[in-house]
Amino acid sequence: MKKRLLLLFLCAACAGTAFAAQRPQGPQESFEYRFVRDFIESLRYQKSALLKQIALTPPREGSKADAPNIATFMKNLNDAGFDLKKAYQHIAQYAQSDNETAKKVSASLLSVYARQIKLNEKSLALYSRVYDPAQVNELDDFSVGKLMSEAHKIPLERENLNKLLADASILVTHMLYSDRPDASGKLSYLSVSAGERQALLQQIKEIFPEGEKYLAACADQVRQVLESKYKSADER
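So for the sequence shown, our numbering puts the first residue at 4; every next one is plus one.
Hints were generated in silico from the structure; no laboratory data involved. Fair warning: there could be bad hints in the mix.
Unchecked claim - Taking lysine to aspartate or glutamate pairs in the EDC-like style, the calculated list, with each CA pair at most 16 Å apart, reads:
(1) K89 <-> D135
(2) K107 <-> E160
(3) K121 <-> E162
(4) K106 <-> D41
(5) K78 <-> E162
(6) K50 <-> E230
(7) K125 <-> D170
(8) K125 <-> D82
(9) K89 <-> D41
(10) K50 <-> D237
(11) K208 <-> D41
(12) K50 <-> D101
(13) K125 <-> E162
What the hints assert, rightly or not - Computed beta-carbon distance windows for the label pairs:
(14) E213 <-> K234: 23 to 29 Å
(15) F34 <-> A58: 33 to 39 Å
(16) E44 <-> K121: 17 to 23 Å
(17) E44 <-> N102: 14 to 20 Å
(18) D223 <-> A128: 41 to 47 Å
(19) S231 <-> E160: 43 to 49 Å
(20) K149 <-> K208: 31 to 37 Å
(21) T75 <-> Q201: 38 to 44 Å
(22) D101 <-> S131: 38 to 44 Å
(23) E124 <-> N102: 45 to 51 Å
(24) S152 <-> N72: 35 to 41 Å
Built from N, CA and C at the ideal position, the CB exists for glycine as well.
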């Protein structure tokens, strides 16, 4: 009896293995899809960083009443730095890609991301001095004025970098167009499948819901291509 049960168990196991081996496997994700997906994910961290950076107007220096806001303001800047570095890491993995388009697009994006990280570090250093009475008291009026002037330039510098990022985002769309012509010799296909196309659109919708304004222009470049009349790669 035990031998019969063991035999039945082994047969069932073999049948299960055979079924698993014969079961059709889903198509692999395309390289282009992974790149664009990681770009959009990097925008999630970009948005998170920006919202932290602008959450509070820089508090007044030397005001005891603003001490809690100063602590929160500085923490927000510090946390934004971590978000910006995460955004950078999402793209950095493609910096040495064998895909030349991905390599060039990555270089453009990473240049902006690196400048954003540097600007955030600069703002941390500046506001650390502004909000430190010991440091400010050692400066003459001219030096204090210069320090405050530099601090007040930060929001505009940040805005300019976000505009550069929107421009660089246009290059990401190059990853979505297939360079394989159709039967009539025209370029009418995307490089991602219909499923990948919908997944990217859903990802954009999640991170940038309707009415979203912060960095939405960056994702909108990609969305417009995905919603275009170009056919998906698996529609050939």
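For each hint, the structure was consulted:
1. At most 16 Å may separate the alpha-carbon atoms for a hinted pair to count; K89 and D135 exceed this at roughly 29 Å.
2. Using a Cα cut-off of 16 Å, the hinted pair K107 and E160 is violated, with the two alpha carbons roughly 25 Å apart.
3. Straight-line distance between C-alpha atoms of K121 and E162 comes to about 14 Å, which keeps the hinted pair within the 16 Å bound.
4. Note on K106 and D41: the hinted pairing holds, with a Cα-Cα distance of about 14 Å set against a maximum of 16 Å.
5. For a cut-off of 16 Å, the pair hint linking K78 to E162 is broken: about 20 Å separates their Cα positions.
6. Distance hint between K50 and E230 is unfulfilled; the C-alpha atoms sit about 23 Å from each other, more than 16 Å.
7. Proximity of K125 to D170 is assessed by CA-CA distance (about 23 Å); at most 16 Å being required, the pair is judged violated.
8. Restraint check for K125 and D82: satisfied, since their Cα atoms lie roughly 14 Å apart, inside the 16 Å limit.
9. This hinted pair checks out: K89 and D41 have alpha carbons roughly 11 Å apart, not beyond 16 Å.
10. Note on K50 and D237: the hinted pairing is violated, with a Cα-Cα distance of about 32 Å set against a maximum of 16 Å.
11. Under the criterion of a C-alpha separation no larger than 16 Å, the hint pairing K208 with D41 is consistent with the structure, at around 15 Å.
12. Of the supplied pair hints, the one linking K50 and D101 is violated, its CA atoms being roughly 29 Å apart against a limit of 16 Å.
13. Taken as a hint, the K125 and E162 pair is honoured in the structure, with Cα atoms around 15 Å apart against an allowance of 16 Å.
14. At roughly 26 Å, the beta-carbon separation of E213 and K234 lies within the given 23 to 29 Å, and the hint holds.
15. Judged by the Cβ atoms, the range 33 to 39 Å given for F34 and A58 holds: they are separated by roughly 37 Å.
16. A hinted range of 17 to 23 Å for the beta carbons of E44 and K121 is consistent with their spacing of about 22 Å.
17. Taken as a hint, the range 14 to 20 Å holds for the pair E44 and N102, whose Cβ atoms sit roughly 18 Å apart.
18. Distance hint check for D223 and A128: the Cβ-Cβ separation is about 34 Å, which falls outside the suggested range of 41 to 47 Å.
19. The supplied range of 43 to 49 Å is broken by S231 and E160, whose beta-carbon atoms lie about 34 Å from each other.
20. Take K149 and K208: their Cβ atoms lie about 45 Å apart, and the range 31 to 37 Å is violated.
21. Range check, T75 to Q201: Cβ separation about 40 Å, and the 38 to 44 Å hint holds.
22. The given range of 38 to 44 Å is respected by D101 and S131, whose C-beta atoms sit roughly 43 Å from each other.
23. Our hint of 45 to 51 Å for E124 and N102 is violated, since their Cβ atoms are close to 31 Å apart.
24. The hinted window of 35 to 41 Å between S152 and N72 is violated, with their beta carbons roughly 21 Å apart.
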